[in-house]
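Colleague: Can you make the complete structure from the sequences, with help from the hints?
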Amino acid sequence: MSTSDDRTPPAEPDATAAPSVPAPPPADPSPPTTRPPVTVPPTSSSPAHGGIVARGVRRSFGAVHAVAGVDLDVRPGAVTALVGPNGSGKTTLLLVLAGLLVPDAGTVSVAGHDPTAGPAARAVTGWMPDSFGTWDSLTAREVLTTVGAAYRLTPEHAEHRAAELLDLVHLRELADSPAHVLSRGQKQRLGLARALVHDPQVLLLDEPASGLDPRSRVDLRELLRELAARGRTVLVSSHVLVELDEMADDAVFISQGRTVAAQEVAAVATQWRPWRLRTLDLDALVRWLEAAHVPWQPEPGAPPVGDFSPPDEVRPARPGGVVVQLDTEATAAALLRDAVGAGVPIASLAPASGALESAYLALEEERR
Amino acid sequence: MSTETQPSSVDPTGSAATSSGPRPHGSTWSVTWHGVRTVARLELRQRVRSTRWIVSLVVFGVLVGLVTTLTWAFTRSMGSDMIYGGMSGVVGPTMFGFIVFFVLFLGLLVSPTLSATAVNGDRNAGTLATLQITLLSATEIVLGKLLASWVASLAFLAVSLPFIAWAFLAGGNNPAAVVVTVLLLAALLAVVCGIGLGFSALTTRTAGSAVLTYVSVASLTVLSLVVFGLSVPLVSGDEEVRVYEADWSSAPDADPETGWGDDPECEWTERTQYVVHTERTWWLLAINPFVVVADAAPPAVNDDNRFVVFDPLAAIREGVRTARQGPPAEYDYCWQEMSSDEQAGITAFDTHDGPPVWPWGLAANLLLGAGGVLLAIRRLQIPYRNLPKGTRVA
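If you read the sequences in order, they're chains Z and D.
Each residue of the first sequence is one higher than the one before, counting from 209 in our numbering.
Each residue of the second sequence is one higher than the one before, counting from 1288 in our numbering.
Think of the hints as simulated: they come from the structure by calculation, not from any bench.
Note that the structure is predicted; figures quoted are calculated from it, not measured.
There could be a bad hint or two in this list.
Stated by the list, open to error - DEER-style ranges, computed between Cβ atoms:
1. D:R1672 - Z:N294: 20 to 28 angstroms
2. Z:D421 - D:G1352: 51 to 59 angstroms
3. Z:D421 - D:A1657: 46 to 54 angstroms
4. D:L1456 - Z:A371: 49 to 57 angstroms
To be verified - Stretches of chain D that chain Z covers, calculated by requiring three or more beta carbons in the stretch to come under 8 angstroms of a beta carbon on chain Z:
5. 1312-1324
6. 1327-1334
7. 1410-1422
8. 1663-1673
Claimed, not checked - Far from chain Z, some chain D residues (derived; all Cβ distances over 12 angstroms):
9. L1456
10. N1461
11. Y1501
12. A1601
13. Y1618
14. D1619
Note that CB positions come from ideal geometry on N, CA and C, so glycine has one too.
Modeller: Below, the structure is given as structure tokens:
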């Protein structure tokens, strides 16, 4: 593992990606006293990839079981969302993955390295905590060059990398102002740049979008997509599910310190979930839905739809919307085609909530 | 879901390859100058740019200057009244001793503020963990912080150097004394920085570590002295001692013409007398930074090397070395057989000068400082196995 060398700029994204296998000891019977070696169960198709593998991770703080059994497979080249309510153990899990906390039990492998065993995993991991400070008297550029020096980059390389990253997070104008003049969102962007200084193989982001303006959120999304496209492993924790919807490929749901589900976001999209159907003529829509035997509910917060039984020519068409439960986008397309065919003036048909949100709420529902 | 509990030690073969070779960057005890310098530069940049630091340097300089001037004026007026030594003999050593102590005093006050918040302050500000997860080792972070706070303390020492030089130029001082004292002041400031770092890694709140550091400094300087004084009755008592003294009962009668008699012969007798065993408690004085400086400073010189000038550092040196030796095995009260010099008590200082005390004191202080540094390193080691109550990792 070449991580003890001074890191030079990787010419290609994959130059440092040498997937080092945390090889299970090759059937070596020499230590007879030890337990069977801890191996990563080959549950996924690629058991020992360059991403993150965690098995049975537990960590307590006194009586509080912050992480009580997390299994995690984060594949490289994808953005994985770590979803869970407040206090579900997301931050603690990320601290374990970042190499700051020893788990009480379980095994962790980050890009093939054990983060508890030494600095090898730290060398290829970028971590952005949920709350962090900046060295107030340093300029944004100095913050990045200092971190570069801490990662053993040469001064020239650190300087170059700092300029690159300041451009990337749109802080070039503020590059030479002290960090304490930065706004919260700007500090957040600087924190992201700091996590990227050493071009890490694995990126752990804890609530990265908090405090970001809409433009920066879009930038963040695009940046993470690009990093994933370049083969990096990206794990993003958040409880703002809408923003994860658009950037995540996979999702891991944890609750009360346990993994409760792990699925691909695309698969989540094929579950039953509410769709919002809006029309220019609510009465016509409701009549058609009743006739077609499509179950519907009024939009939350909308005034009661009223009595539709007598065909009312006097009353002018009024716009409105209803919520229908659909399972797939194909069903949605069919519904739309039929409604338009029947002459209902449809304005829009869209999922009422994000895919992750629906899945998350469904899980919450199951737990009750 | 595999929820079986396994000890956290993961397969020993996987990553052992990296630790068996030369220590990789970032493992707890690895140290590189690059890493230490990176941290020290970061710390100093953080400090130097806060204008308060410059202001406190100026205030420090003004204070030392003021005291130096006052001391100079005071010793000058005293010196002209003195019967021996004159100006050159008294002003210099007195001024030098006083200024050195004042600078040490202020340094002991300032150094804790520079180091006692270095770790927990960063932790509270949320900047510690982001440094720990880089390839800097815990040792490099701690040594970098030590270096930075020491360099900052040395800046205060540098500000007071002109005044120390002034005291030296007032005359009567040994040039070696200036070098030795400045070096010792620097070393003692490093000790205080190390102690402060240790406490700042130990406590969550910056106020707590600052208080603990000041309490340590006060214990070394004031409390130890008080305990030494209070413990004197505990180590003292009436004892049988051998005494060499004149036997007045056997003295010949006085000459009736002159009224003067011959001195009686001196002889050895046993008698009970109050004895103070400071050799059991001298170390309480030795650990005092002021004593370390005073004891190590080469004695003042004067023009004819004859008179013992008034030298506060020498007085302390004398006191502590005497305390270390404790009571003599036998007492010589036979003044009749002393030389005239001995009777005047002039050379007495040199006659029972014991071995130096400062190496012990300095070693004890350096150990304390090193202990603080080691403690800080241990507390910054990641990954954390247990977190102290009330601390957050990040």
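Colleague: Taking the shortest Cβ-to-Cβ distance between L1456 of chain D and chain Z, state whether it exceeds 12 angstroms.
Modeller: holds (39 angstroms)
Colleague: Range first: 51 to 59 angstroms. Now tell me if the beta carbons of D421 of chain Z and G1352 of chain D are that far apart.
Modeller: holds (53 angstroms)
Colleague: Taking 8 angstroms as the Cβ threshold, is the statement that the region 1327-1334 of chain D is covered by chain Z upheld or broken by the three-residue rule?
Modeller: Our answer is that it holds, as 5 residues pass the Cβ test (under 8 angstroms) against chain Z, meeting three.
Colleague: Okay, the region 1410-1422 of chain D and chain Z, do three or more residues pass the C-beta test at under 8 angstroms?
Modeller: Since 10 is at least three, the answer is holds.
Colleague: Starting from the range 46 to 54 angstroms, see whether the pair D421 of chain Z and A1657 of chain D falls in it by beta-carbon distance.
Modeller: 50 angstroms Cβ-Cβ, so the 46 to 54 angstroms window holds.
Colleague: Does A1601 of chain D sit more than 12 angstroms from chain Z, CB to CB?
Modeller: holds (46 angstroms)
Colleague: Checking a non-interface call: every C-beta of chain Z should be farther than 12 angstroms from the C-beta of N1461 of chain D. Is that right?
Modeller: Non-interface label on N1461 of chain D holds, nearest chain Z Cβ at 43 angstroms vs cutoff 12 angstroms.
Colleague: Does the claim that Y1501 of chain D lies off the interface hold, with its Cβ farther than 12 angstroms from every Cβ of chain Z?
Modeller: Correct as stated: the minimum Cβ-Cβ distance to chain Z is 26 angstroms, above 12 angstroms.
Colleague: Evaluate the condition: distance from the CB of D1619 of chain D to the nearest CB of chain Z exceeds 12 angstroms.
Modeller: holds (66 angstroms)
Colleague: L1456 of chain D and A371 of chain Z, beta-carbon distance inside 49 to 57 angstroms?
Modeller: Holds: the Cβ-Cβ distance is about 52 angstroms, inside 49 to 57 angstroms.
Colleague: Is the distance from the Cβ of R1672 of chain D to the Cβ of N294 of chain Z consistent with 20 to 28 angstroms?
Modeller: Once the Cβ atoms are compared, 26 angstroms apart, the range 20 to 28 angstroms for N294 of chain Z and R1672 of chain D holds.
Colleague: Can the region 1312-1324 of chain D be counted as covered by chain Z under the rule of three residues or more with Cβ-Cβ separation shorter than 8 angstroms?
Modeller: holds (count 5)
Consistency with the previously given hints is maintained throughout, with no hint failing.
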